[in-house]
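A.B. asks: Sequence:
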Amino acid sequence: MSTTPHNNPELRALRDRVTAPSSIALPAAGNGLSWKPVTASDIGPILDLKRAAGEIDHPRSLVMRDELEEEQRTNGHCVAARSATSQPSAYGGTRGDRDWPAQC
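Under my numbering, think of the first position of the sequence shown as 34, with each following residue one higher.
Treat the hints with care, as some may be off.
[Said to hold, decoys possible] Think about it this way: if two alpha-carbon atoms lie no more than 25 Å apart in a straight line, the pair counts; the simulated DMTMM-like pairs of lysine to aspartate or glutamate are:
1) LYS69 / ASP49
2) LYS69 / GLU104
3) LYS69 / GLU100
4) LYS69 / GLU103
5) LYS83 / ASP49
[What the hints assert, rightly or not] Across the chosen pairs, the derived CB separations fall in these ranges:
6) THR52 / SER116: 30 to 38 Å
7) GLN120 / ASP90: 17 to 25 Å
8) SER55 / THR107: 19 to 27 Å
9) SER122 / PRO54: 34 to 42 Å
Because the hints were derived from the structure by calculation, they are not lab data.
Just so it is clear, CB atoms sit at the ideal spot from N, CA and C, and this is done for glycine as well.
Make a model of the complete structure from these sequences and hints.
C.D. replies: Right, here's the structure in full:
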């Protein structure tokens, strides 16, 4: 990310142009999916999900458990969608502070 100041207000980062809402409703998308905030007990299944996706998206890198634990510990704004089998089918979130880009 560039640290060069921009004079044009439309070139500033979105986070500098709008105020984030104080809360966001959980997604309702996905037939048969149940969305909930991620807890420490979700780390293992989410790690499996991220590794399965990573085999296709990033075949030369591997998500490590400690990275995911740190992400959850410092983030706390992640949700996971679970199917009828209780396995996570989707995972996402955002970072709350202004000094770090969106994560998850």
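A.B. asks: With reference to the structure, classify each hint as holding or not holding.
C.D. replies: Now the hints, each set against the structure:
no. : hint                       : verdict
1   : LYS69 / ASP49              : violated, 29 Å
2   : LYS69 / GLU104             : holds, 17 Å
3   : LYS69 / GLU100             : holds, 21 Å
4   : LYS69 / GLU103             : holds, 19 Å
5   : LYS83 / ASP49              : violated, 30 Å
6   : THR52 / SER116: 30 to 38 Å : holds, 35 Å
7   : GLN120 / ASP90: 17 to 25 Å : holds, 19 Å
8   : SER55 / THR107: 19 to 27 Å : holds, 20 Å
9   : SER122 / PRO54: 34 to 42 Å : violated, 25 Å
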